[in-house]
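Number of protein chains: 4
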Amino acid sequence: MSELDEIKQQLREFVKERDWEQFHNGKDLAISISLEASELLECFQWISSEQATKHNLDDIKDELADVLLYAIRLGDLLDIDLKGAMLTKLQKNKEKYPIEKAKGKATKYNKL
Amino acid sequence: MSELDEIKQQLREFVKERDWEQFHNGKDLAISISLEASELLECFQWISSEQATKHNLDDIKDELADVLLYAIRLGDLLDIDLKGAMLTKLQKNKEKYPIEKAKGKATKYNKL
Amino acid sequence: MSELDEIKQQLREFVKERDWEQFHNGKDLAISISLEASELLECFQWISSEQATKHNLDDIKDELADVLLYAIRLGDLLDIDLKGAMLTKLQKNKEKYPIEKAKGKATKYNKL
Amino acid sequence: MSELDEIKQQLREFVKERDWEQFHNGKDLAISISLEASELLECFQWISSEQATKHNLDDIKDELADVLLYAIRLGDLLDIDLKGAMLTKLQKNKEKYPIEKAKGKATKYNKL
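Chains as they are written, first to last, in my numbering: chain A, 1 to 112; chain B, 1 to 112; chain C, 1 to 112; chain D, 1 to 112.
Since the hints were made in silico from the structure, they are not lab data. Just so it is clear, the structure is predicted and the values come from calculations on it, not from any experiment. Among these hints, one or two may not hold up.
[Said to hold, decoys possible] With a straight-line cut-off of 30 angstroms between C-alpha atoms, the simulated DSS-like cross-links for lysine-lysine are: (1) K89(B) with K16(D); (2) K54(C) with K16(A); (3) K8(B) with K105(B); (4) K103(A) with K16(B); (5) K108(A) with K89(A); (6) K89(D) with K8(C); (7) K8(C) with K111(A); (8) K54(B) with K89(D); (9) K111(C) with K89(C); (10) K54(C) with K96(D); (11) K89(B) with K101(B); (12) K101(A) with K89(A).
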């Protein structure tokens, strides 16, 4: 079984055991991903990347994991092929940011 | 190669070709995950989960993929074993939310 | 003195007394506004607006206040006339969403 | 009339003219504040505070205004006295971060 499928199965069991399917809808899972992304970002608040990595790496791992867990759960609920979605989006990003125009620039695609 | 490793490799190439390593630090990647999580959430703004899934599923797939892509990229930059981090965090979540106390409740662990 | 100016002055003093000016830059204040907005949103996670207002109103007040406090602080740091900025943006929003096109619709302006 | 009340009144009219009261509930307004906070944060993505202020100040003003507009709107909907809520929360923050313990430190209160 692939990694993503393995986590997906474990999450299904985790949710089912707690009778939480009733709370898991697309909107609240999207909210949850956003909340976990903020908890991850909080590890970097007021300090530099270097300081955060040095002092908060364990918290960063936990919060990044929570983002991924909720993302995989939402993918399962909406029956999305996550690997396929990532490859499709990566291809779109390549087209939005052609190498010759985007090279060395942090500019958003609509201002390139 | 595992799915997560395969995406990680493709992202490395994508970033390198555009000479974007200079912009990719932990703090800005954490910001980026949060911004993409908001774009995902925007697909659900003002409407129900059912309406969002019916009308915005393609956008949801793309934005969820962007969250995952940046999360995998941050994991690569900080040399985090993502599958291991997810399994570790899932175990912590099981302990924070014991079945007998959490069953059927949406209450946060510190108020259980 | 206007309300916004009064809060601005109190925040200046609060920050100065704690020698926190060194941490207050635009980027970290923008991060902070986003983090507080997430804490506000967390009051609504998994539940309906009605349930949230009934059970979490005190927390909602506190988190909404934190969003406003950081927003006023960022405005002060960047020397932005907040009332003017709000009136200007409200006017732009009126033009982005003309009554005849937007009436009764939750559609984003670029899809109207 | 105070500044906040003046904006509140203008927002009521803006929403009413567009028949948008049907969409304005606490949860979706909290989502909206979070989305606007992300658009503000996007002005600082990949760059320093100084670069952002130099190149994106007009966008920063607009997005900060949108955060404030939605915050005032949510306050109106939930009948919150915003100035009172800010003064109350500022007092709580003073107690969470006593000068002698917090001076010169960016540490979160629960780790002080």
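In rising order, the numbers of the hints this structure does not comply with: Result: hints 1, 3, 7, 8 break, sorted rising.
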